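J.: The listed protein sequences correspond, in order, to chains Z and V.
Numbering follows the UniProt record's numbering, in which position 181 of the first sequence is assigned residue number 181; successive positions increment by one, without gaps.
Numbering follows the UniProt record's numbering, in which position 120 of the second sequence is assigned residue number 120; successive positions increment by one, without gaps.
The reader is advised that the hints may include incorrect statements.
Straight-line alpha carbon distances no greater than 25 Å define the calculated DSS-like cross-link-like pairs of lysine-lysine that follow [stated by the list, open to error]:
1. 16/V <-> 132/Z
2. 16/V <-> 106/Z
3. 93/V <-> 16/V
FYI, nobody ran anything at the bench for these hints, they're computed from the structure.
Note that this is a predicted model, so its numbers are computed, not measured.
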Amino acid sequence: MIKAENLTKKFDDIVAVDHVSAQIRDGSVFGLIGTNGAGKSTFLRMLSGILKPDEGTVTIDGEQIFENEKVKDRFFYISDDQYYFNNSSPLDMMEFYSRIYPQFNKERFHKLLGSFGLEARRKVHTFSKGMKKQLSVICGVCANTDYLFCDETFDGLDPVMRQAVKSIFANDMSERNLTPIIASHNLRELEDICDHVGLLHRGGILLSRDLDDMKLNIHKVQCVLKDGMTAEDLTAMQRIKTETRGKLYTITVRGTREEVEGLMESYHPVFYEIIPLSLEEIFISETEVAGYDIKKLIL
Amino acid sequence: MTSKSLFYNLLREDGKRRLWSMALSFLVFFFTFPVGIALSLSERMRGEIDYTYIISTLKSWLGFQNGWVASVIILLSLIMGVTSFSYLHSRQKVDFYHGIPVNRKHLFWVNYFNGILIPAVVYGVNLIIAMGVIAVNGISPFEVWKTALSGFLLFMIHYCMMYSVTVISMILTGNVLVGILGNLVLQFYFVCVIGILEFCYSRFFYTSYRGGGNVFNRFMDKCSAFALFMVNMERLQLGTSGRAQAVRVFVVLAVTVVLTLLSYLLYKKRGSEAAGRAMAFKISMPIIRIPIVVLSSLGGSIFFWSMRSSVGWGIFGLLCGVLLSHCVIEIIYHFEFRKLFSNWKQMGACAVLAAVIFCGFRYDLFGYDKYIPSESSIESVAVSMPDVNFWVSYGSAQQNSMGEYYWDYQDSDEYIFNHMKLMDTAPVLALVRDAVADNQRMYHGGDYSDTYENGKVSYNFSIRYTLKNGKNIYRTYHLSGDEARPEIAEIFENQEFAKAVYPLLLQTPEDTAWVRVSRGEQTNVVSRDRNGTEKAMTDKLLLAYQEDLKNLKVETMQKENPVATIQFLTKMQAKAETKREEIQSSWKYSDVTSRGYYPIYPSFKNTLELLKECEVNVEEWNSLENVKEINFDIYQFNNYRSTYEDKGSQYLTITDEEEINQIMSIAAIDGYSNMNPFGGRGEERVTFSAVTESGGRSETSCTIQLNQLPESVKNEISKIKEDV
């Protein structure tokens with residue numbers, strides 16, 4: 001388990017990460033959401049042992065990461081702008097990483113290169129941005145580490161490749177308990193993969209929740225109420241947000257599906273249905289409650 | 001996880017990525033050694049050059065004295081240092097290298113060692129190929145391998161030192177260009193400090209010591225790795241003492257170790273976030289900026305002051321220096337033009353500090369020029385008078401390990417100060433007091449040079465005061481007046497003074513091989529110890545001349561001029577001369593064999609008697625009978641402002657026997673008159689050619705004071721001067 005406690009990093013007068021604490025469970029996907037400059041990359045770079053925190057600690061299974069080769073052996077960091085040696089080919093990178101990561105799977109590397117349609121001997125500098133991202137993911141996955149730190153890795157991948165990468169992650173999670181930590185400024189990108197999401201804003205963590213918890217405890221109800229009733233009359237429900245379009249109400253409420261259904265039944269509406277919330281909607285609701293306008297924070 | 005194998009794996013991977021630098025180094029060394037040597041040996045193949053010379057050429061090309069290899073080493077230390085650690089300047093690369101499970105310590109050493117291994121291997125391989133080239137050309141590589149190996153080792157340790165400085169500059173900065181600029185600062189800042197201090201010291205202080213090279217130059221090898229390398233290039237030549245070489249090599253090794261450890265510590269302290277910034281450590285910003293700004297301000301003020309000698313221009317230069325340097329550095333630090341006046345208070349403080357230093361020199365705020373040690377505090381003094389000893393050769397003939405003879409030059413002041421301890425300080429201090437008083441009368445900050453003042457001579461003398469507390473104080477004084485004032489005569493006639501000024505007085509018969517006498521263009525070996533038969537005469541001549549020279553009085557020199565010169569060749573000089581004769585070269589070793597001539601005055605009776613015994617016709621030296629004609633070249637009377645027009649003969653010819661006798665009785669041979677410091681230096685002199693016709697026509701160049709010429713000749717010369 002990765003544990004960050006009170007992590008702080010300043011660059012001159014700018015506080016990039018301000019007393020952030022988070023726990024990342026093994027075998028889950030941790031999504032790190034935030035706008036540009038929110039501190040996601042800095043947080044990940046501290047997690048990777050690249051930056052030394054000014055304050056606080058970051059550990060993997062209780063061991064400090066910074067300058068600890070044994071611990072650093074357990075993760076692979078994919079930067080938002082991954083470096084490849086000058087004039088190198090994917091094969092050269094494979095050779096290098098295989099010397100650094102003892103568990104590196106060369107066979108899988110070749111297989112994945114073929115699957116992604118990347119030529120093994122072609123110079124990386126001739127690759128497109130998306131192809132470089134694919135190569136970085138392939139290197140990261142084939143390193144066979146316990147954790148994979150991805151900084152804006154999906155940015156630049158087309159939807160098909162994005163899906164392919166997600167399925168590789170899912171496969172590795174089930175097969176060898178891989179724990180991907182993915183930083184992104186795009187909520188939609190992480191929606192179908194993350195188990196836990198941390199929202200960073202201005203260097204601080206706004207919220208950190210399990211997606212399932214959030215999804216189980218918040219619901220959207222579309223309903224048409226009896227004549228004479230309005231949404232205001234649904235007093236037993238913990239309404240977060242109400243939208244009205246003629247007689248159709250769309251209400252975001254807290255509570256489990258069963259609780260919400262029970263309450264709605266008790267009001268004898270003309271019609272009601274519970275519809276799923278997107279991650280973005282959940283965040284909008286949660287952060288609005290906290291007094292933030294999420295649309296200003298993330299895309 | 002990092003193991004030995006990973007370390008070597010990383011070394012190999014890093015090597016792969018630096019193939020271009022390997023290729024570049026290989027090409028440079030390939031053309032330097034195998035190709036360069038093959039080219040030079042091709043001459044030998046044509047049989048044009050002798051074997052010894054070829055070996056000596058090969059040794060100098062393969063050894064530490066090869067300036068071209070030194071340039072390559074300097075350039076490579078920069079290129080390798082930059083390529084080894086330039087990844088620190090890119091966030092992308094830093095994230096890559098610091099994100100992998102490799103300890104930074106290992107990363108540092110991998111990059112550091114690769115930067116040394118690449119040139120070492122490439123250099124070594126090319127040396128081996130060069131040995132093959134030498135063998136193919138019929139020369140045994142065993143003749144030169146020691147020189148090649150010592151050259152390789154010496155160049156490589158200096159490379160490591162220079163390379164470490166580049167590494168430090170790369171670690172201290174976050175941008176490649178700033179790193180290279182930083183390297184220049186580290187290598188040249190203190191060299192510039194020395195240059196400016198030397199300039200201020202010699203320009204503003206009248207009594208600044210001007211002998212024995214520059215005062216601050218002795219600190220040059222402590223200025224930077226580059227300066228130490230350059231000084232060592234000169235000092236670690238073959239033939240210098242093994243102990244001195246060992247000390248210098250040890251210093252280089254020690255400096256390299258310190259610099260390497262420092263670079264390692266800085267690397268460990270350096271944050272990854274420094275990539276892309278100008279400076280990696282915030283604290284280093286003022287530490288580097290302030291000294292540069294102070295030096296630039298001082299340099300600016302001195303530059304403009306020296307152009308116009310005006311305080312106004314000095315202030316202008318100071319402002320230019322402080323503003324330009326501070327603003328440029330701040331712009332570089334922030335990569336932002338609008339930040340040029342950041343830390344303006346520090347800029348102001350730098351300007352004030354530079355102004356104080358400038359004024360300290362300009363107005364002698366600390367009383368440097370007035371200082372005279374009290375008589376009671378002085379243990380002894382040593383005086384060097386360039387006017388007395390400028391013609392004396394100091395040093396000795398030496399042979400280097402390649403068998404070549406060379407003159408191991410020693411500075412005259414260094415020799416004199418090491419050999420002179422005058423306990424009678426009174427005449428010296430009397431001169432000093434007069435000189436200091438003279439200085440005070442003159443505007444401080446002017447420029448002195450040897451100038452004639454109302455027919456009086458002006459002269460410099462340097463003094464080393466050895467104080468009772470063991471401290472040595474050096475000063476150079478300037479005084480105008482009578483060249484033979486009593487104090488000077490007293491000093492000159494002090495036996496301790498003469499012994500320290502003329503190395504010949506300490507030369508022993510055991511070390512003396514030949515005696516040679518020269519007059520005009522004629523030089524004769526009068527005693528040559530070929531088989532020991534003439535050794536007795538050589539010894540007698542030496543002792544006789546030493547006696548005559550010791551007894552030489554100022555009064556004698558005021559009356560007489562040297563009529564010939566005598567040389568007592570040391571054994572090493574004689575060997576060089578023999579070698580020169582063997583190879584029939586007129587120029588080879590002439591610098592060694594032509595040194596050590598001393599004047600023979602007519603009053604040197606002991607010497608002249610013995611020379612007579614050696615069948616030297618000394619009588620002829622004073623004979624006037626043979627001079628048939630005297631020719632004054634009238635070009636010497638040309639005023640430099642005039643344009644000479646051809647108005648007939650180039651010479652003013654004197655044929656009147658009486659006039660010739662009058663002139664020749666006073667005239668001195670041109671080449672020897674300067675050996676007499678009391679021969680009327682203050683007066684205007686004219687040169688002429690004395691034509692003799694005994695045994696064929698020959699000409700001797702002579703000199704005489706203008707006012708000593710017969711009236712008729714003086715009038716002729718006046719007319720010529722008016723005409724031209």
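J.: Hints first: check each against the structure and report whether it holds.
T.: These are the hints, each one checked on the structure:
1. The straight-line distance between the Cα atoms of residue 16/V and residue 132/Z is roughly 21 Å, inside the 25 Å bound, and the hint therefore holds.
2. Proximity of residue 16/V to residue 106/Z is assessed by CA-CA distance (about 20 Å); at most 25 Å being required, the pair is judged to hold.
3. Distance hint between residue 93/V and residue 16/V is fulfilled; the C-alpha atoms sit about 16 Å from each other, no more than 25 Å.
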